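A.B. asks: Next come the chains, spelled out residue by residue.
Protein chains: 2
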Amino acid sequence: MPRRLRSAANPPAEVYKRMKTVDIVIVGFGNVGRGVARVIAQKNQTFKKSGLNLRVVAVSDLWGSMVDERGLRLKDVLEMKCERKKMSGLDVINKVGYNILVESTPTNIDTGGPGLKHMKAALENKKYIATSNKGPLALQYAKLMSLARKKGVELRFEATVGGAMPIINLARETLAGNEIISIRGVLNGTTNYILTRMEQDGLPYEHVLSEAKEIGIAEADPTYDVGGIDAACKLVILANSIFDMDVSYKDVLVTGITWVTPEALLLASKAGYAVRLIAECRKDGTLKVAPRLVPRKSPLAVEGTLNAASLITDLAGEITITGKGAGSIEAASSILSDIMYIASRLQ
Amino acid sequence: MPRRLRSAANPPAEVYKRMKTVDIVIVGFGNVGRGVARVIAQKNQTFKKSGLNLRVVAVSDLWGSMVDERGLRLKDVLEMKCERKKMSGLDVINKVGYNILVESTPTNIDTGGPGLKHMKAALENKKYIATSNKGPLALQYAKLMSLARKKGVELRFEATVGGAMPIINLARETLAGNEIISIRGVLNGTTNYILTRMEQDGLPYEHVLSEAKEIGIAEADPTYDVGGIDAACKLVILANSIFDMDVSYKDVLVTGITWVTPEALLLASKAGYAVRLIAECRKDGTLKVAPRLVPRKSPLAVEGTLNAASLITDLAGEITITGKGAGSIEAASSILSDIMYIASRLQ
Numbered sequence: 001m002p003r004r005l006r007s008a009a010n011p012p013a014e015v016y017k018r019m020k021t022v023d024i025v026i027v028g029f030g031n032v033g034r035g036v037a038r039v040i041a042q043k044n045q046t047f048k049k050s051g052l053n054l055r056v057v058a059v060s061d062l063w064g065s066m067v068d069e070r071g072l073r074l075k076d077v078l079e080m081k082c083e084r085k086k087m088s089g090l091d092v093i094n095k096v097g098y099n100i101l102v103e104s105t106p107t108n109i110d111t112g113g114p115g116l117k118h119m120k121a122a123l124e125n126k127k128y129i130a131t132s133n134k135g136p137l138a139l140q141y142a143k144l145m146s147l148a149r150k151k152g153v154e155l156r157f158e159a160t161v162g163g164a165m166p167i168i169n170l171a172r173e174t175l176a177g178n179e180i181i182s183i184r185g186v187l188n189g190t191t192n193y194i195l196t197r198m199e200q201d202g203l204p205y206e207h208v209l210s211e212a213k214e215i216g217i218a219e220a221d222p223t224y225d226v227g228g229i230d231a232a233c234k235l236v237i238l239a240n241s242i243f244d245m246d247v248s249y250k251d252v253l254v255t256g257i258t259w260v261t262p263e264a265l266l267l268a269s270k271a272g273y274a275v276r277l278i279a280e281c282r283k284d285g286t287l288k289v290a291p292r293l294v295p296r297k298s299p300l301a302v303e304g305t306l307n308a309a310s311l312i313t314d315l316a317g318e319i320t321i322t323g324k325g326a327g328s329i330e331a332a333s334s335i336l337s338d339i340m341y342i343a344s345r346l347q
Numbered sequence: 001m002p003r004r005l006r007s008a009a010n011p012p013a014e015v016y017k018r019m020k021t022v023d024i025v026i027v028g029f030g031n032v033g034r035g036v037a038r039v040i041a042q043k044n045q046t047f048k049k050s051g052l053n054l055r056v057v058a059v060s061d062l063w064g065s066m067v068d069e070r071g072l073r074l075k076d077v078l079e080m081k082c083e084r085k086k087m088s089g090l091d092v093i094n095k096v097g098y099n100i101l102v103e104s105t106p107t108n109i110d111t112g113g114p115g116l117k118h119m120k121a122a123l124e125n126k127k128y129i130a131t132s133n134k135g136p137l138a139l140q141y142a143k144l145m146s147l148a149r150k151k152g153v154e155l156r157f158e159a160t161v162g163g164a165m166p167i168i169n170l171a172r173e174t175l176a177g178n179e180i181i182s183i184r185g186v187l188n189g190t191t192n193y194i195l196t197r198m199e200q201d202g203l204p205y206e207h208v209l210s211e212a213k214e215i216g217i218a219e220a221d222p223t224y225d226v227g228g229i230d231a232a233c234k235l236v237i238l239a240n241s242i243f244d245m246d247v248s249y250k251d252v253l254v255t256g257i258t259w260v261t262p263e264a265l266l267l268a269s270k271a272g273y274a275v276r277l278i279a280e281c282r283k284d285g286t287l288k289v290a291p292r293l294v295p296r297k298s299p300l301a302v303e304g305t306l307n308a309a310s311l312i313t314d315l316a317g318e319i320t321i322t323g324k325g326a327g328s329i330e331a332a333s334s335i336l337s338d339i340m341y342i343a344s345r346l347q
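Chains as they are written, first to last, in our numbering: chain A, 1 to 347; chain B, 1 to 347.
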């Protein structure tokens, strides 16, 4: 076969004529922030070949900040070998020169936490943002977006919903021109793991929950996950960004999975159904998270910690996407795609 | 619930400050071209609210061209009430003022047909293109892209693969930053319909094929579909655009579905598998279309005329998307999303 294989890399849609340097600060250096640093360290040589140089100029966590406006050595940063200055995340956001803030501090869905302050400060400074932090977006989406518009920048947040599954940018950009009529999704991996295990092995809820805690799939206090609050926050971000609503997670009708029994799952299974914690938003205003029967063959009947979402659209009909809903590198994947988008728009 | 529902429309990611008018010519006015006209007619009032005016200034088919540089009345165009000038598609491409060519003439995978000439002419004139026409891209992808780059414009082709399922832009833009390691997909709805019906009702191939012809799912001469050539052309477009290869459909190892028996399907089914015509491309150079066993629970085991594709990526892991693989409005959906992308880049 006269096959010509030129290169095995996914060629960037964007090829820059001259080297474009984009400066990034990472505020919040836990799983996600470290994932972003690791991914940039790993890929920047490849990006440079298409003319894009991603340079991390500051990294902040609770214990201080590592700053170098000529670009930090990410290997040293990841090994925590750099000198830490007594600068807070907010100091870095206000005083360092950069293009994009990666906001990846732990989320707070009641107050927005430090993330909300960080985002507002960065937007005031006309900086772009790529974030995995649900709280601020679930609480003050409209306010943040209006500030971003006023300042002529963008706040992007693919990593807040569905981990590596790019549901937001898929609905808003890849399907541009389509009206989205409804979204139904499995947006919480912990509950999906629990439901899958309960069904497959006929085990009771409490048993599987302890197991999930042991292997790190459920948190010590699993209330947000099993009570459906985490899924509700994600649904609210979809509702605000895709349906242009202005709602918070308190507007969602939520039922968790704590009452689901192995017997109910068995009955459903015999009838050809699976029980899944489905988050649903419709353009008529429906906002609901609850365990629901889905046909076993439905793409929403995903197993384990997978996430899935089905969009009903006016032109494309039903489009379904599935992917890994959690994980450090998975979240970094979504943040990176937002960084790439912003980079392509920067002058 | 104090829910504030502002608007039910998918807000465009792009909101234009002043009205931006984008002029479009549609060359090839069959199912797809008419679908594009219908969709623009239906949606333009909504688009105008976000500052985008899509104006169709010419429509060409084999019988001539309707031209009005102030914008055709699409209702009249669709009812064929406009006066036809004796201008060919090529005349329109070379002589009319416009921004984007929608190329939707019937495809020719051996020579590229008129579509290839149209695309080259438009690119030479520094015009953007959104197309559903597989042939030219399956034959001369690298040449066309290099011409587009040289002229500073873009040739977009989401509608050539997977109908409304946005696999190309998903892989290249929505997952930007990810390296794609492999793609496996069900890319031909006709063969998938035939395999599904054969399995579900235990019917022989010939029987289901005749039925598919009757209801318009298979063409009178079904060779391209059932022989795997159509899937191979689509695979080649994925290989060239996502893996940066430079291959044509003759480089694909192709096995069609004509030898598949209901007995084989039954055996597979009993073991928990479905047989699907899988198109596969890997970064090591593998390019293959063949009937293969896929686990019944796999998202690739789609039924009827649906399409599906699984991308294995280095960061996001496995991402799977399913959607309607054919249809006039479905193809128009993909062309429209390409038009929206181009519009956002036009000055």
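Don't read these hints as lab results, they were simulated from the structure. Do not rely on the hints blindly, as some may be mistaken.
The list treats identical chains as one, so a pair stands whether inside a single copy or across any two.
[To be verified] Derived lysine-lysine pairs resembling BS3-like cross-links, with alpha carbons at most 30 angstroms apart:
hint, residue 1, residue 2
1, Lys17, Lys288
2, Lys81, Lys151
3, Lys117, Lys297
4, Lys95, Lys20
5, Lys85, Lys270
6, Lys43, Lys81
7, Lys126, Lys48
8, Lys213, Lys120
9, Lys49, Lys143
What you are looking at is a predicted structure, and each value in this text was computed from that prediction instead of being measured.
A.B. asks: Among the hints numbered above, which are violated by the structure, and what are their numbers in rising order?
C.D. replies: 1, 2, 3, 5 and 8
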